[in-house]
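**Student:** Given next are the chains, with one letter for each unit.
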Amino acid sequence: MMATPETGLLGVLALLVLLLLGMPIGAALGLVGISGLTLVLGFEPALIKTGSLVFETLTRYELGTLPLFLLMAQLCFASDASRHLFDAASSWMGHRRGGLAYASIAGCSGFSAINGSSLATAATIGLVAIPEMRRHGYSDALATGTVAAGGTLGQMIPPSGALIVFGIIAQQSIGTLFTAAVIPGLTQMLLYFIVIALLVRWKPALAPSTPRADWATRWATLGKIPDLLLLMLVVIGGIVFGWFTPSEAASVGVAGALLGSLWRRRLGWRELYVALEETLKTSGLIYTVVIGTLVFSVFISVTGLADAAGATITGMGAGRVVTVMLMALFLLLLGSLLDGLALMLLATPILLPVVTSLGLSPIWFGIFIVRAMEIGFIHPPMGMNLYVIQGVAPDVPLWRIFRGVLPFLAADFVHLLLLILFPALALALPAWLA
Amino acid sequence: MTTPVPAPQPLWYRACVVLGGGALLAAAAVDFFAIIGRHSGIPLLGSIELVQVLVGIAGTVALVAATLHRNHARVRVLSDRVDAGTAGLLYRFNALCGAAFFLALAAGSAWLAHDLWSAQEASELWQLPYRPLRIAGVAGLLGITLLSLRQAWQGREQ
Numbered sequence: 001m002m003a004t005p006e007t008g009l010l011g012v013l014a015l016l017v018l019l020l021l022g023m024p025i026g027a028a029l030g031l032v033g034i035s036g037l038t039l040v041l042g043f044e045p046a047l048i049k050t051g052s053l054v055f056e057t058l059t060r061y062e063l064g065t066l067p068l069f070l071l072m073a074q075l076c077f078a079s080d081a082s083r084h085l086f087d088a089a090s091s092w093m094g095h096r097r098g099g100l101a102y103a104s105i106a107g108c109s110g111f112s113a114i115n116g117s118s119l120a121t122a123a124t125i126g127l128v129a130i131p132e133m134r135r136h137g138y139s140d141a142l143a144t145g146t147v148a149a150g151g152t153l154g155q156m157i158p159p160s161g162a163l164i165v166f167g168i169i170a171q172q173s174i175g176t177l178f179t180a181a182v183i184p185g186l187t188q189m190l191l192y193f194i195v196i197a198l199l200v201r202w203k204p205a206l207a208p209s210t211p212r213a214d215w216a217t218r219w220a221t222l223g224k225i226p227d228l229l230l231l232m233l234v235v236i237g238g239i240v241f242g243w244f245t246p247s248e249a250a251s252v253g254v255a256g257a258l259l260g261s262l263w264r265r266r267l268g269w270r271e272l273y274v275a276l277e278e279t280l281k282t283s284g285l286i287y288t289v290v291i292g293t294l295v296f297s298v299f300i301s302v303t304g305l306a307d308a309a310g311a312t313i314t315g316m317g318a319g320r321v322v323t324v325m326l327m328a329l330f331l332l333l334l335g336s337l338l339d340g341l342a343l344m345l346l347a348t349p350i351l352l353p354v355v356t357s358l359g360l361s362p363i364w365f366g367i368f369i370v371r372a373m374e375i376g377f378i379h380p381p382m383g384m385n386l387y388v389i390q391g392v393a394p395d396v397p398l399w400r401i402f403r404g405v406l407p408f409l410a411a412d413f414v415h416l417l418l419l420i421l422f423p424a425l426a427l428a429l430p431a432w433l434a
Numbered sequence: 435m436t437t438p439v440p441a442p443q444p445l446w447y448r449a450c451v452v453l454g455g456g457a458l459l460a461a462a463a464v465d466f467f468a469i470i471g472r473h474s475g476i477p478l479l480g481s482i483e484l485v486q487v488l489v490g491i492a493g494t495v496a497l498v499a500a501t502l503h504r505n506h507a508r509v510r511v512l513s514d515r516v517d518a519g520t521a522g523l524l525y526r527f528n529a530l531c532g533a534a535f536f537l538a539l540a541a542g543s544a545w546l547a548h549d550l551w552s553a554q555e556a557s558e559l560w561q562l563p564y565r566p567l568r569i570a571g572v573a574g575l576l577g578i579t580l581l582s583l584r585q586a587w588q589g590r591e592q
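Line by line, the protein sequences give chains G and C.
Numbering-wise (our numbering), the first sequence opens with residue 1 and increments by one.
Numbering-wise (our numbering), the second sequence opens with residue 435 and increments by one.
Isolated chain C, as found in the complex (with noise of 0.2 Å):
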């Protein structure tokens, strides 16, 4: 018996996984290094600042995985019971409703980057800008709505 060969993943995914992991890894070590800073009286200043940008790259990434992979938590208890061509209709207006609330999330991103665009943000003490993030942040929002919404189109995985 072979194992069968997982599908090649598309390059702009693995850049994503490695983009997004290594957030987490450096979150992980400014962390780590803050409390061994703490500990031995070389304090470094602003680390939660890093840490909530690096958490949030991650956390933009993550929403793309967890869609990508069709991998968010839903009740079965009646799309389990239900006919092939019915469950099959439900997934497809699941998926679009999903759609509907991933560009949701996005209109409400850019209405409020849009507002704050001139109040130049800024972290207090490193002065990261939060300009970038937040374009990444609607960018990743739009990029799952059109994930979502070609899931609907193409349907149940079989």
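So that you can see chain G by itself, here it is in the shape it has in the complex (with noise of 0.2 Å):
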């Protein structure tokens, strides 16, 4: 078969038809990956090509971050960071009106800085905030909805995973692209706190006041935290500042972690070998994931799919900007049918091509692809979120948090918007530092 950008169209056909089916998606990759490589190039090629990509993927430096990052998360969990840091938020903000939801938004913040994973910082910060909001009167749609939006702020705060496997297949520095994180996490922070205090003042019955905790709590449950803040601040703070690479933070962040366990008295072997085995499973769903995108992506620039792709889009003149926001709604309506790591891994090797033609920056595109995946997150009928919220809370309707989201699913769209008009949210700070 000839290698024409219609075989690769084919590919991406039987690659969604596969992952409808349900085919694990690092399987569902590289099967079309190989098979497509085996029909365009030939077996022995093909073969040759799928073990080199195992070695050197198992083997990558880089990649190591990623497991080591999720130990990290694995022995913060150990020792309850999720509701040490939810304490500490809602002693200093409980008492205003609608307090526990923007501690909850705060938490979630503090819990992505030590845990790259939407799904984790919904479930863990959801399992302590949901019910004290619940406890105080909040409606069950907003506790919820705070909640499931909030958590997706894992993906984007460093370290984030999702940033970790795109620098690996798009090739690009995951330092540069933890930097260049570092403000669209922090103004999406700051547009759920809006969202919540414009609810609020909307409806003030949706989240009753709270007594104001006394200065002696407030200071006591900031006790609990030192390691967690010290630990976020050195591994933030050395990869911007340059003290170390991104790797090299992943393991500072474990010696941090098994120290602060320590310290709090939290880590036993028992304790120690569930952190790894969790840091396994997981990782070994990532790594499947990789090694398929390779494959497959090996097939998709050897068809030309993405340079074909490409020409199209700068052949209609349609400019910067509108082209970027049809790529944001054709990944919106992906999302739809696709979860966020498929949704990312399947559009990286065929947008990145073209987002490099129109003169964008891989790293603003990092950006902005992670971003429209976490949205994903929260949008039905995919919403991963939703669903490990309704978990958390099964007596919840599905319908009933998604309501609650929807005011930070707008918040998204608005971020969204933001970012491609203002390239410089994610630019400065990188080009700043260096």
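Just so you know, these hints were derived from the structure itself, not from any lab.
Heads up, the beta-carbon is just placed ideally off N, CA and C, and yes, glycines get one too.
It is possible that part of the hints are untrue.
[Stated by the list, open to error] Here are a few chain G residues that face chain C, going by a calculated C-beta distance under 10 Å:
#: 1; residue: Ile25
#: 2; residue: Leu29
#: 3; residue: Ala342
If you follow the hints, you should be able to join the two separate chains into one complex; please do so.
**Tutor:** Quick look at the structure:
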């Protein structure tokens, strides 16, 4: 078979069918890639290319960052970090109207800085924050919607698993990606605060005021998280200011989390074993998807599909902003069918060459696609965070959770638009630090 | 109400977790001491080579752990909406395709290992031989293929 863009397009369609049939994402990407390469190049080159990709991926120094950051998060999780972060945030902000919702977003942001997953952030903060908000008479919809949306900060605030995977696939500096994500992460958090402020001003009954914590309680809650605050500062600060590489930051994070867990007296052999096992299970999931994507990317590149798509889009002469908005629309539509990781991994090999041909920065694209992917976490029918939150609060119907997340979804669209119109949101900090 | 007791894990699996987890902790330690060494003027030469080997071991074990726990990411938009019989069939089909994928990875890795057998591949500074790592990788991938086949045979977990 000839290596033509049409062959690549057939591969993409076959991939979509396999994904919808429920095949593991990594296996679907890899099988289509290997089959396509066999048809286009022949059996032996396809097999050898696949074999070399496996070994290179498994022994790749930069990819080692991912399990180490996961391990750091698991160790913090074992030491009850999510509860202590939320307690600290709620004692400082909880007395304001909507204060526990602000605290949930702050808790999600804090937990995101030691953990790179949306689902894990939503689940762990949700377990602590949702019962607390409901106990204080908050609306179910606001309580669940806040945490579902706040969970998406996990993918944006460094260290982010999605940005590490993007960096590997797009061959971009993970450190620069992390630095580029800082301002978008903070502005996303700020927009969520604005949403809560507007909601409670519009309907005060959504979130009644709670008693003000006294100063002794406030300082006591802060006294439970100095290790976590230090860990966040060292890991993110170290990457941003170039004290060490992101890969090394992950090791520093593991060392810090181990020391913190020992200081909290929460780490025994059993907890360590569980943390290691959970880390390996999640890493295996991501490694499979990365290997599958790399094989699929080679196939797409050989067929010339990405170049053809780039030529078609630039030939339309629609201009950068319109083209990027069309891409965003495409990603959001596809995000209704695929989960976030599948969406990013399928779209990156096709859209990245288009983006670079438009003269846009791949680093900006990394932030843009992760942001689009995050939106997929809270919009139906996929909306994984909505299902996770329903698992945490099974008596709240899914439609109530979705209703609660709608205002945050609107803020997400505004944020994505800002990112498109002002790429400096992502690019300014890396440029300034460089 | 009593907490359900988790099923005991097979010894080989616990050994794998200890091996993979130990490799991860060792990788973290090597990188950590490399940073301290660099900032204190006593660089740990070849630390990247050591970490590469260690994350290679951890990565192989991670693939085994994810497969054993049926922890691979999948899109459930269709499979969660069909009847149990169709969902069971889809599960078996997908597990078989998963086995085919890992078999292809194992075959590719074995082919490459065979081609490079006489090249005496080793890391630059520490001269760590890559042969055992390649053999371990192929063995791991074959093991995952077998696990996937077993899951196809067993069908969906209730």
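**Student:** Under 10 Å, Cβ to Cβ, is where G:Ile25 needs to be relative to chain C, so tell me if that hint holds or is violated.
**Tutor:** With Cβ-Cβ at 5 Å, under 10 Å, it holds.
**Student:** Would the stated hint for G:Leu29 survive a check requiring a Cβ distance to chain C of less than 10 Å?
**Tutor:** Given a least distance of 9 Å, the restraint on G:Leu29 holds.
**Student:** Quick check on G:Ala342 please, does its C-beta sit within 10 Å of some C-beta on chain C?
**Tutor:** Holds. Min distance 6 Å.
In summary, the structure agrees with every hint in the numbered list given earlier.
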